[in-house]
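**Student:** All chains should be built: construct the whole structure from the sequences, respecting the hints.
Here's the letter readout for the chains.
Number of protein chains: 2
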Amino acid sequence: MELNVTIKLKRGVADPEGENTKKALNLLGFRDVRSVKSLKSFRIEVEPGEGEGEDEEKVKQEVEEMCRKLLANPVIHDYEIEVVKSERR
Amino acid sequence: MELNVTIKLKRGVADPEGENTKKALNLLGFRDVRSVKSLKSFRIEVEPGEGEGEDEEKVKQEVEEMCRKLLANPVIHDYEIEVVKSERR
Numbered sequence: 014m015e016l017n018v019t020i021k022l023k024r025g026v027a028d029p030e031g032e033n034t035k036k037a038l039n040l041l042g043f044r045d046v047r048s049v050k051s052l053k054s055f056r057i058e059v060e061p062g063e064g065e066g067e068d069e070e071k072v073k074q075e076v077e078e079m080c081r082k083l084l085a086n087p088v089i090h091d092y093e094i095e096v097v098k099s100e101r102r
Numbered sequence: 014m015e016l017n018v019t020i021k022l023k024r025g026v027a028d029p030e031g032e033n034t035k036k037a038l039n040l041l042g043f044r045d046v047r048s049v050k051s052l053k054s055f056r057i058e059v060e061p062g063e064g065e066g067e068d069e070e071k072v073k074q075e076v077e078e079m080c081r082k083l084l085a086n087p088v089i090h091d092y093e094i095e096v097v098k099s100e101r102r
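Note that the protein sequences, when read in sequence, are chains A and B. Counting from 1 along the first sequence, just add 13 to a position and that's the residue number in our numbering. Counting from 1 along the second sequence, just add 13 to a position and that's the residue number in our numbering.
Wrong hints could be hidden among the right ones.
Any copy will do: because identical chains look the same in the list, a pair fits if it lies in one copy or spans two.
Unchecked claim - In silico BS3-like links for lysine-lysine, alpha-carbon gap of 27 Å or less:
1) Lys23 with Lys71
2) Lys36 with Lys73
3) Lys36 with Lys82
Treat the hints as calculated values from the structure; they're not laboratory data.
**Tutor:** Take a look at the structure:
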C-alpha cells in the first residue's frame, strides 16, 4: 500500500524558499507568477506483516502517527495523507 | 490559476533523505514501512496579464519552461505538472 504525505507550512509561517523561488522566476522573465509555495512530500510504502491484513483506516492512522512523531513539526506544519495505491483491490 | 509541480528523483538516483527517513521510521517502531521516497513540490499561482486570456495549455508550457530553467535539475530530476485550480470556469 502506498501513501503520499504532503507536508506544508501553516498559514502565516514565512516561506523564504517559496518567496525566493518566486523572485527568481520573475527575474527569469516569468512575470505572470504571483506566488510560489514550497512543499515537501514523502511517498511511503507500507506492507503490513502476515496475518495482519490491510486495513486502510488503520494504515492511515499509523502514517498520521509517523507525521506527528517524525515527518512534520506540529508548530509550523500541516500535513495531508492520501492513499495512492491499495494492494488488495 | 494554480499549478502543482512535483519534482522527483529519476529512477536509479540515490535518495539518502528517503532512505534515512525509512530507517528512522523503522527504528521508531513502524516496522511495516518498506520504502520512503522524498519529493519536493511547488504550488505556483500564475495570473496572465490583462488582455492575454488564460490558456491552460499555454500556462502549462510556461511552467514546464520554469522547471527546465530553474526548478528541476534535468540530470537527476523528473517533474510532473498538474493544474489544481483554473480561475475561469
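**Student:** Check each numbered hint from earlier against the structure, then list the numbers of those it violates in ascending order.
**Tutor:** No hint contradicted; all consistent.
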